[in-house]
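Student: Take the sequences, apply the hints, and build the full model.
Listed below are the residues making up each chain.
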Amino acid sequence: MTRVLALVGQAWGPGGGGIAQYNRDFLCGLADRGCVDAIEVLPRSGPRRPETPAKIAQRRPRYAPPIYAAGALVRALSAKWDYVFCGHLFMAPLAAMVARLAGAKLVIQIHGVEAWTRPSILQRVAVDGADLVLSVSRHTRARLLDWSTIAPERVAVLPDTVDESFSPGDASVLRAAWGLTGARVLLTVGRMDGRERYKGHDRTIRALPALTQRWPELVYVVLGEGDDRARLERIARDEGVSEHVKFMGAVDHATLVDAYRLADAFVMPSTGEGFGIAYLEAMASGTPAIGLAAGGATDAMADGQLGVAAAESDYLERVKDALSGPRPAPQALSQAVRRRFGKAAFLAEQRCVLERLNG
Amino acid sequence: MCGVNGIFAYRNAANDPSPGELAATRDRMAARGPDGVGEWWSECRRCALGHRRLAIQDPHPRANQPMVSDDGRFVVTFNGQIYNHPALRTELEAEGARYRTSCDTETLLHLYARRGPDMVKALRGMFAFAIWDVERRGLFLARDPYGIKPLYTCDDGWTFRFASQVKALLAGGAVSRDPEPAGVVGFHLFGSVPEPFSLYRDIRALPAGHSQWIDAAGPREPKPYVCLAAVLADGAAAPAPAHELNERVRAAAGESVAAHLLADVEVGVFLSAGVDSGAMLGLMRDAGAHDIRALTLSFEEYAGTAEDEAPLAAQAAARYGARHEIRRVGQHEFTADLPAILEAMDQPSIDGVNTWFVAKAAKEAGLKVALSGLGGDELLAGYPSFADLPAWRRRYGLMARLPGLGALARLTLQAVAPGLLRERPKAAGMLEHAGTWGGAYLLRRGLFLPHELAALMDEGEAREGLHRLGLTRRFAAALRPDPGSDVGRVCALESSFYLRTQLLRDADWAGLAHGVEIRPPLVDIALLRALASSLPAITPGAGKRALATAPRVALPSAISERAKTGFTVPTGAWMANAARRPNAPESLVRKGLASRGWSQLVFAGQANTAANSAGIAA
Numbered sequence: 072m073t074r075v076l077a078l079v080g081q082a083w084g085p086g087g088g089g090i091a092q093y094n095r096d097f098l099c100g101l102a103d104r105g106c107v108d109a110i111e112v113l114p115r116s117g118p119r120r121p122e123t124p125a126k127i128a129q130r131r132p133r134y135a136p137p138i139y140a141a142g143a144l145v146r147a148l149s150a151k152w153d154y155v156f157c158g159h160l161f162m163a164p165l166a167a168m169v170a171r172l173a174g175a176k177l178v179i180q181i182h183g184v185e186a187w188t189r190p191s192i193l194q195r196v197a198v199d200g201a202d203l204v205l206s207v208s209r210h211t212r213a214r215l216l217d218w219s220t221i222a223p224e225r226v227a228v229l230p231d232t233v234d235e236s237f238s239p240g241d242a243s244v245l246r247a248a249w250g251l252t253g254a255r256v257l258l259t260v261g262r263m264d265g266r267e268r269y270k271g272h273d274r275t276i277r278a279l280p281a282l283t284q285r286w287p288e289l290v291y292v293v294l295g296e297g298d299d300r301a302r303l304e305r306i307a308r309d310e311g312v313s314e315h316v317k318f319m320g321a322v323d324h325a326t327l328v329d330a331y332r333l334a335d336a337f338v339m340p341s342t343g344e345g346f347g348i349a350y351l352e353a354m355a356s357g358t359p360a361i362g363l364a365a366g367g368a369t370d371a372m373a374d375g376q377l378g379v380a381a382a383e384s385d386y387l388e389r390v391k392d393a394l395s396g397p398r399p400a401p402q403a404l405s406q407a408v409r410r411r412f413g414k415a416a417f418l419a420e421q422r423c424v425l426e427r428l429n430g
Numbered sequence: 198m199c200g201v202n203g204i205f206a207y208r209n210a211a212n213d214p215s216p217g218e219l220a221a222t223r224d225r226m227a228a229r230g231p232d233g234v235g236e237w238w239s240e241c242r243r244c245a246l247g248h249r250r251l252a253i254q255d256p257h258p259r260a261n262q263p264m265v266s267d268d269g270r271f272v273v274t275f276n277g278q279i280y281n282h283p284a285l286r287t288e289l290e291a292e293g294a295r296y297r298t299s300c301d302t303e304t305l306l307h308l309y310a311r312r313g314p315d316m317v318k319a320l321r322g323m324f325a326f327a328i329w330d331v332e333r334r335g336l337f338l339a340r341d342p343y344g345i346k347p348l349y350t351c352d353d354g355w356t357f358r359f360a361s362q363v364k365a366l367l368a369g370g371a372v373s374r375d376p377e378p379a380g381v382v383g384f385h386l387f388g389s390v391p392e393p394f395s396l397y398r399d400i401r402a403l404p405a406g407h408s409q410w411i412d413a414a415g416p417r418e419p420k421p422y423v424c425l426a427a428v429l430a431d432g433a434a435a436p437a438p439a440h441e442l443n444e445r446v447r448a449a450a451g452e453s454v455a456a457h458l459l460a461d462v463e464v465g466v467f468l469s470a471g472v473d474s475g476a477m478l479g480l481m482r483d484a485g486a487h488d489i490r491a492l493t494l495s496f497e498e499y500a501g502t503a504e505d506e507a508p509l510a511a512q513a514a515a516r517y518g519a520r521h522e523i524r525r526v527g528q529h530e531f532t533a534d535l536p537a538i539l540e541a542m543d544q545p546s547i548d549g550v551n552t553w554f555v556a557k558a559a560k561e562a563g564l565k566v567a568l569s570g571l572g573g574d575e576l577l578a579g580y581p582s583f584a585d586l587p588a589w590r591r592r593y594g595l596m597a598r599l600p601g602l603g604a605l606a607r608l609t610l611q612a613v614a615p616g617l618l619r620e621r622p623k624a625a626g627m628l629e630h631a632g633t634w635g636g637a638y639l640l641r642r643g644l645f646l647p648h649e650l651a652a653l654m655d656e657g658e659a660r661e662g663l664h665r666l667g668l669t670r671r672f673a674a675a676l677r678p679d680p681g682s683d684v685g686r687v688c689a690l691e692s693s694f695y696l697r698t699q700l701l702r703d704a705d706w707a708g709l710a711h712g713v714e715i716r717p718p719l720v721d722i723a724l725l726r727a728l729a730s731s732l733p734a735i736t737p738g739a740g741k742r743a744l745a746t747a748p749r750v751a752l753p754s755a756i757s758e759r760a761k762t763g764f765t766v767p768t769g770a771w772m773a774n775a776a777r778r779p780n781a782p783e784s785l786v787r788k789g790l791a792s793r794g795w796s797q798l799v800f801a802g803q804a805n806t807a808a809n810s811a812g813i814a815a
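For the record, the sequence lines run as chains W and Y.
The working numbering numbers the first residue of the first sequence as 72 and each following residue consecutively.
The working numbering numbers the first residue of the second sequence as 198 and each following residue consecutively.
Simulated from the structure, these hints should not be mistaken for laboratory data.
Here a beta-carbon is modelled for each residue, glycine too, at the ideal position from N, C-alpha and C.
A portion of the hints provided could be inaccurate.
Residues from chain Y shown here face chain W by an in silico Cβ test under 7 angstroms; the list is partial [as the list claims (entries may be wrong)]: (1) ASN212; (2) TRP355; (3) ALA413; (4) GLY415; (5) ARG665.
Tutor: Written out as structure tokens, the structure reads:
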């Protein structure tokens, strides 16, 4: 009887970003394995009793750290656990304590920027003593090894996986609805957060004057919300390209899928991606993606074999190349992405990675 | 001796290995293997192995590598020598193995096929190899018990790479050059980079006496298959009578030298005026070698003085009927060779220059293999550390174990007598470090003490490097299980640190830069096993006396007598001059060569050569 206790910020329930998605993917993958019998999820936020797949039970959320910690410690002692899964670095000290109390092996998941700089000493101690640390990208793994003394063999890369719903298809209806018929479209999907300016919306807006000179029909579509939107709108005005930028806000999933399909290129010249799931979603939808050779983005781009990982100084030129060259065959691109980062690949990789726990 | 490398894209998301990278890494090691070059690709193109060959056993191209087993299941790329290969071959043939070469490489294939990972326990020799298992789609790596042969690995989370040299891995162009502070700090403390670290975060040495398995799940933690401390502990548990020492050393060292003569090419010897190399020569003759070529390095600066080793070496050569060749070398030649030395130096080192020149002489003489007396001092208690460490522990150990006393004493000295602290840092460090064997060893071998690092490098980097280096933990690990005697403890420390990370590394890069394989018969796990029970009773000088009389005709007494005072070599001064900057503080220059100037020179050399190699790869 193998039982897993999962400490996460969020997993099942409405809302939640990429990390909640990753937690769900990871825990579902675990539940799919014959050797895991039960998984109990302790979230900080989410609904009281969400629907979860078989073998997985999500407890009611407890947001306040002391109450959350007390609850986790009580659970650690009240049942037998083989593994403790920690969904975020900031919970690692608690997870380490829980794992120790329960006599269980500790698996810590890291996602990106939170592990790029030296964290608190308690977090370092927790990571140094972990049985396995999972990182979504090679870059984040390397940055963690900069400050941790954990054996490198205990830090494995398990990339994000792209949802099956992102696939090539006809998006002419959405094109028409958004008034983009006949336009060339650059797309960015991502929060416009004043604390996450590394995503590079402004870099693309500043490139627009040069691009629209050659492609007057060019439109830059931005999906997502955030407190940085006003600043970006101002930059667009200052650059004289307001007419070429459409902020479409947050959209539902079906619209998002079509938005990826209608774009001529997905652009996100970000310097701070832990992995960059949006690149995968775009390419799985058959749309070429352009990012920077920085952070985890090189993983999503497979070092240039799937998408473009440009040097910062080359960004504009690479966008021009994408707009002027022939568009890659959408199905072939989508399949290539799925071969590396599809659900089946994720499950196979997860199985492999967890084998390391057995020595 | 050879150069090995490989790339294994174990993760589904990773790109296939690039043929250009494989070749660039392999050919950065061209000097290690001038006689043959090869590569092998798995059918799935996810694993590639490379090899540069220095042909010593079965020089025929049929023994080129990577070598594939007859049934196609196993592929090996191998650097080293397996001295018990003839005995293993007999065993394996009795079990049904069919050989197509007379090379020890093939023995690895047959042995792995039959015994799996446990096969390493049967090997006697110096080795670093990788075996790809076609069926299990995994890679098995192993390194010899002492770490005579190097093996560096790099894992980025998607792709695993390995090579015989750090610079070769960098030359492939795909490995991060992000620094490893533990390697930098280790270099400043010891004058060489302590394993498993390198100067780069992502490049690590497979620890000596360990094997490692890598498959689709990625690299597993290296597993030890032998432990020097355990061998010493076993010996101490059943001590041999002291009066048997000479006879045991004669038998065991003689047997080891005989085993180390296995080759299809001529085997020479590096002969200094010391006991160790002289005994090698005498034992070679006892083992039936004749017309032995003995090479001696002689420094122009010392010609005609008592420091010149050539006359005494000539006596030894004459005694054993060797053909003696003396190679004279001076500072001029050192200066001319310095760029090539820095280029060949795989990891920064404050030594190895002697070996560079004696290996150069061997190449000029047409020798590919030479025995060396390396390791005699570590095994037979020849270093002052064997007397000093126990004495310091007795004298200061108790006080040093009082928490904080040492640091308090240092801070007090700093306040009241900073000059004394600068001039005699080690004396001042006694109360801080002599409480443990590891601390006492650091006092003995360290060029600097941890608190002095701030003068050499950025303080934050020093602190981080020390933390990552984890000296206390590493010293303790080298002494686990407890070797059971003072001699055993010092032997374990000297063998695990100075011998492994300084002397053996230097012998590797400096020898192979000239395509010369240096064999150290006194660094041999079978020899250690044979003598472990005799070591606890060794008194100062007794070990070396036993070695001096080990050959049937003992070494000339002039050599055994002279050994007590020792020799100096001018190479340290040459290096200091080369590195010296006009404003370098005198105390730094005097204290050791790991001065900022020298380390910067070495680092700069390292950076330049790596950049050049990367240019070639691109």
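Student: Determine for every hint whether it applies to the structure shown.
Tutor: These are the hints, each one checked on the structure:
| no. | hint | result |
| --- | --- | --- |
| 1 | ASN212 | holds (6 angstroms) |
| 2 | TRP355 | holds (6 angstroms) |
| 3 | ALA413 | holds (5 angstroms) |
| 4 | GLY415 | holds (6 angstroms) |
| 5 | ARG665 | holds (6 angstroms) |
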